[in-house]
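Protein chains in written order, with the numbering used here: chain A, 11 to 327; chain B, 11 to 534.
Just so you know, these hints were derived from the structure itself, not from any lab.
Treat each hint with caution, since some may be false.
[To be verified] Looking from chain A toward chain B, a few residues come up when the C-beta cut is under 8 Å (computed):
| # | residue |
| --- | --- |
| 1 | 39 |
| 2 | 42 |
| 3 | 92 |
| 4 | 95 |
Predicted model only: the values in this text are computed from it and were never measured.
The beta carbon of each residue, even a glycine, is placed where N, CA and C say it ideally should be.
Each chain, letter by letter, is given below.
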Amino acid sequence: MLRYLTKRILLMIPTLLGVAVLTFFMLRVVPGDIVELKLRGDGGTVTQEVIDRERTRLGLDKPLVIQFADWMKGLATFDFGTSMWTGRPVAEEISIRIGLTLQVAVMAAIISVLIALPLGTISALFRDTWIDYVVRVVTIAGLAVPSFWLGMLMIMGLLTYFHWSPPVTYTPFLTDPLANMSQLIWPALAVGYRYSAVVARMVRSSIIEVMKEDYIRTARAKGVFERLVVGRHAMRNALLPAITVVGLEFAFLIGGLVVTEQVFNLNGIGRLFVEAVSRNDFIIVQTLVLLIAVMFTVVNLLVDLLYGVLDPRIRFA
Amino acid sequence: MKALTLLSAAAVLLALPAAAQTETPRRGGVLNWAIAAEPPTYDCHATGTFAVMQRVAPHYSTLMKFEPGNYPNIVGDLAESWTVSPDSLTYTFKLRPNVKFHDGSVLTSADLKATYDRIINPPDGVISNRQSSFVKVASVETPDPQTVVFKMKEVDASMMTNFASPWNCVYSAAKLKQDPNFPAKNVMGTGPFKFVEHVAGSHWRGERFEDYFRKGHPYLDGFRAVTMSSSAMTNALAGRQVDAEFRGFSPTERDRIVRALGKDAKVQESSWLLHMIVTFNTEKKPFDDPRVRRALSLAIDRWGGSASLSKISSLGVPGGLVRPGSEWSASPKEMEQWPGYGRDMAANRAEARRLLKEAGQENLTLTLMDRNIAPYVTAGIFVIDQWRQIGVKAEHQQVELASWYSLQNSGQFEAFIDSFTQFSDDPSNVLYKYASYDRSPVAVHRATDRELDALFDEQARTADKAKRIALVRRFEKRLFEQAYSVPLLWWQRIVVMNDRVQGWTMSPTHMIYQDLGDVWLAEK
Chain A
11 MLRYLTKRIL LMIPTLLGVA VLTFFMLRVV PGDIVELKLR GDGGTVTQEV IDRERTRLGL
71 DKPLVIQFAD WMKGLATFDF GTSMWTGRPV AEEISIRIGL TLQVAVMAAI ISVLIALPLG
131 TISALFRDTW IDYVVRVVTI AGLAVPSFWL GMLMIMGLLT YFHWSPPVTY TPFLTDPLAN
191 MSQLIWPALA VGYRYSAVVA RMVRSSIIEV MKEDYIRTAR AKGVFERLVV GRHAMRNALL
251 PAITVVGLEF AFLIGGLVVT EQVFNLNGIG RLFVEAVSRN DFIIVQTLVL LIAVMFTVVN
311 LLVDLLYGVL DPRIRFA
Chain B
11 MKALTLLSAA AVLLALPAAA QTETPRRGGV LNWAIAAEPP TYDCHATGTF AVMQRVAPHY
71 STLMKFEPGN YPNIVGDLAE SWTVSPDSLT YTFKLRPNVK FHDGSVLTSA DLKATYDRII
131 NPPDGVISNR QSSFVKVASV ETPDPQTVVF KMKEVDASMM TNFASPWNCV YSAAKLKQDP
191 NFPAKNVMGT GPFKFVEHVA GSHWRGERFE DYFRKGHPYL DGFRAVTMSS SAMTNALAGR
251 QVDAEFRGFS PTERDRIVRA LGKDAKVQES SWLLHMIVTF NTEKKPFDDP RVRRALSLAI
311 DRWGGSASLS KISSLGVPGG LVRPGSEWSA SPKEMEQWPG YGRDMAANRA EARRLLKEAG
371 QENLTLTLMD RNIAPYVTAG IFVIDQWRQI GVKAEHQQVE LASWYSLQNS GQFEAFIDSF
431 TQFSDDPSNV LYKYASYDRS PVAVHRATDR ELDALFDEQA RTADKAKRIA LVRRFEKRLF
491 EQAYSVPLLW WQRIVVMNDR VQGWTMSPTH MIYQDLGDVW LAEK
């Protein structure tokens, strides 16, 4: 097990290095200059000389290879650099926002699992009946409707019927649970619905597959109650692909809530990402891409480890 | 007619309950307001973005300021009284006594000198965005702790306006001595509110400064500026999560908020010191030919465009280089004499086709670079359609803000939808955009025109207002003949807030009247 873990962690290094190289150099090809935006934006009248001095101060005049080496050196010591827009450490910019994003992702994951498991199972067990059709309509709608659009509908509904909209600033859960939930439950529901649709579809197809297996027929032949057949034999095996989807969707939510965060005015990682991209704040963008890549690889590893827990046939040693 | 109505009033108050106007200001409460964009710095001197100005204005004072409710009249802020020498070469200001910084130290003329020296001659590592406004200042002297004297190298007709600029936040000399870049990361002034916190991407908070020099002010206990996107702002205001937004909404957004807030909505509208421009790259063929540029300007129906675009966007009335309706602007009749402003579009377009034919550009195709947000996209689509009507085909290239600046400053464009804003209508402030490229970093048309430069310099040193206006007209005439950059339409500022917000002053610019010192919250 330890050997497997070490091997997987070591394999993450070239993956992340590849992501770092690609992100760093591709960002430099994108047209745009944060210094011009910062100093010439909204009627700024500074001279070219001032702009050149600022570029030098930010190290943007150095050869790309040197800039990359500087970034790598920083990463090795957990110094992610400073935002070229705000001048704040990147770690601080991320730490302000990561709590909110993680909370929404966790809440959305919980909502999705709570909805998807029963819906997917019922849909599979009552395949091609009106129950299945209803569940399929609900889940396909979840896949078709973008989360941000659902979020907009929610806000419009709240405004129209209750003359109220969710709070616009984040309150940590431990400070005021009610304020926290009244802000975050809506995006979690909007994102969780789509998330649950993806997972429910996967659960449904997995259970349909599993229910055709020999061991299910054997269990039934032995006279095992149908509830146990489904709960103990079918569900446990059908969950494996669903767990992969849950894990990957969770990792996606860390940087993928861009528009939903805009709609609900959430000060999260997705909004930071899109703002940094629009300003060409390379340092923030490349660090966030790397963070998301780390999330994906770690979640993948956790999913693989969970496979072993759920299915004893999978051995890591 | 609608345009004329808008022109005639600097600020049109559409809805202001009579009771609220006569109420006595109430102390207390925290004003929650929305603002888009994160500030790149806290230093007023280093930037031109409202994202900084609207956040830091409540914390600072300036030497002079525009009188609330009486724009563009200038009154003292830190200055108690002032004199200008008959030759306009010496400006002497007497400071108010007992003005305190938020750290308790007393303001003296040394703070004014340190502040203006920093703007005029920024030390290494300090960025001054206002240096060009003070190039004619020879020295800043402090004969005593309450007096500051500006000696000029030559006459500058814009000096009083420059002293009233909201961007000249007065900093503590002691703090600047410790670190010339102190204001870039710290907020400490003599304004009505003390800085409390800035949570990046979330909000900015200030609380009442009890020792503020205007006794009884501010009325509010504090304020909280919440960072949010434009779409979120509309919902937040409609849902009463915030009480105001001070930059401006589009007509559609205004209507949505008014529908949601009903009688609690207060809408204030004004012409805006912000205009949309079509800029040509005069270094690229065929835009180096004035006939081509003039033809493209002639093809645009500004009056017709205004009538339709003002219903769906923030774009308002046609105007010259200075804000229509301001004391410096041309009348609509004068405007109609300029190329591209005549109301007979058939004649304009016939002339445009003739010019293109003469220039050998009958089948002109070009790329129009544009930002990817409203109302820029609206303006771009409109212009392309106008050009189509004289046989010119244009591709609409929409880019992100950073690319938009980068492409225009590096000259990688043929034509683009440009914009320009300033804090006042003063001609030197606004004509600067249209001077020669080697004189003005914001003149992105990349042309050199010494005739325009000479007119710019002459108006800048002409104290007689009527003569100065005549020079502005000559500048505009020359520019419209050459058409390096041509105004398209001026924006219309629409501010929507909850009616409980009182004491805030509407103006044609979103850069002034933001110290919140007179703002109070009515009981609802």
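Quick check: which numbered hints come out false for this structure? Hint check: 1 and 3 fail, others pass.
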